[in-house]
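*Asks:* Sequence:
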Amino acid sequence: GSNPNAKVSTSLWEIESKYSGQIYDWSFYDNRFNLFTTTAWSSGQPVNYTATDTTNGYKILKSAGSVTSFNYSPSANQFVIFHINGDVTVTNDITVPQGSFLSIIAKGTLTFDPSVTRADGWYVGASLAFPCHDVGNNGCDEDDQQFQGKGSFIGWNSISLERSNQSLNNTQPSELFTYSQDLFLNAPKPMKYYTKHYKPFIP
1 GSNPNAKVST SLWEIESKYS GQIYDWSFYD NRFNLFTTTA WSSGQPVNYT ATDTTNGYKI
61 LKSAGSVTSF NYSPSANQFV IFHINGDVTV TNDITVPQGS FLSIIAKGTL TFDPSVTRAD
121 GWYVGASLAF PCHDVGNNGC DEDDQQFQGK GSFIGWNSIS LERSNQSLNN TQPSELFTYS
181 QDLFLNAPKP MKYYTKHYKP FIP
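Letter by letter, the sequence shown follows residues 1 to 203 of full-length UniProt numbering.
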């Protein structure tokens, strides 16, 4: 955009802080999910939420490989966790009804296709990528729709925000993230682990 007050600090960080707590990544949950019932799942396979899942209060689906087109949204009163040994590309809007839960935990990169305008849930990956619309591979076309993320979006190594809607960037961010207390309260037992420590960086 052309906002004269926008700037990037010389060192690329205005305020730096260090996190010295537990790393809740794919490997962490790979160990933790050994304590719970899991189901093998592969890309494109339908999700069958059974009466047993309702009794347990969750369904954990484990994929041995990457998912090239993720487009699942849970129904009412469903609590679904995807544990993916690879990369994931989200290709459709994802909505989570009030009182439900969804999480995707990827060992690799979680990518949100430029056509996706909304994603609810908890998303954890080594990296998160929000690529821009690029026809012809000549660079961003700067005509992206706003992405609205509701929940938690965690890339332990990096988060790449590449969308651009040109002049609208001054008043409307290309990526908008909002916290969801509902998802926090509805997180099933396999996702809950309370020990953590945050230490602020003091220059």
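Bear in mind the hints are in silico, worked out from the structure with no lab data behind them. Note that CB positions come from ideal geometry on N, CA and C, so glycine has one too. Hints are not guaranteed to be accurate.
Between beta-carbon pairs, the in silico distance windows are [stated by the list, open to error]:
hint, residue 1, residue 2, range
1, GLY136, THR55, 26 to 34 Å
2, ASN138, THR39, 42 to 50 Å
3, ASP30, GLN145, 32 to 40 Å
Subject to a maximum C-alpha distance of 20 Å in a straight line, what follows is the list of computed DMTMM-like cross-link-like pairs (lysine to aspartate or glutamate) [said to hold, decoys possible]:
hint, residue 1, residue 2
4, LYS189, ASP113
5, LYS150, GLU162
6, LYS192, ASP87
7, LYS150, GLU175
8, LYS107, ASP25
9, LYS18, ASP53
10, LYS107, ASP30
11, LYS192, ASP182
12, LYS62, ASP87
13, LYS192, ASP30
14, LYS150, ASP113
15, LYS189, ASP30
16, LYS62, ASP25
17, LYS192, ASP53
18, LYS150, ASP182
19, LYS107, ASP134
20, LYS189, ASP25
21, LYS189, ASP53
*Asks:* Against this structure, judge whether each hint is valid.
*Replies:* Verification of the supplied hints:
1. GLY136 with THR55: 26 to 34 Å: With Cβ atoms ~52 Å apart, the hint is violated.
2. ASN138 with THR39: 42 to 50 Å: About 43 Å separates the Cβ atoms of ASN138 and THR39, which means 42 to 50 Å holds.
3. ASP30 with GLN145: 32 to 40 Å: Holds - the Cβ-Cβ distance for ASP30 and GLN145, about 35 Å, lies within 32 to 40 Å.
4. LYS189 with ASP113: With Cα atoms ~30 Å apart, LYS189 and ASP113 exceed 20 Å; violated.
5. LYS150 with GLU162: holds (18 Å)
6. LYS192 with ASP87: violated (23 Å)
7. LYS150 with GLU175: Given pair LYS150, GLU175 holds - Cα atoms ~11 Å apart, limit 20 Å.
8. LYS107 with ASP25: The hint holds at about 8 Å.
9. LYS18 with ASP53: violated (38 Å)
10. LYS107 with ASP30: With a Cα-Cα distance of about 10 Å, the restraint between LYS107 and ASP30 holds, given a limit of 20 Å.
11. LYS192 with ASP182: Given pair LYS192, ASP182 holds - Cα atoms ~14 Å apart, limit 20 Å.
12. LYS62 with ASP87: holds (13 Å)
13. LYS192 with ASP30: holds (14 Å)
14. LYS150 with ASP113: Status holds; Cα separation ~16 Å.
15. LYS189 with ASP30: Given that 20 Å is the threshold and the Cα spacing comes to 15 Å, the pair holds.
16. LYS62 with ASP25: holds (14 Å)
17. LYS192 with ASP53: holds (17 Å)
18. LYS150 with ASP182: holds (10 Å)
19. LYS107 with ASP134: Given that 20 Å is the threshold and the Cα spacing comes to 26 Å, the pair is violated.
20. LYS189 with ASP25: holds (16 Å)
21. LYS189 with ASP53: Roughly 13 Å between the alpha carbons, so the hint for LYS189 and ASP53 holds.
Violated hints, listed in ascending order, are 1, 4, 6, 9, 19; each of the other numbered hints is respected by the structure.
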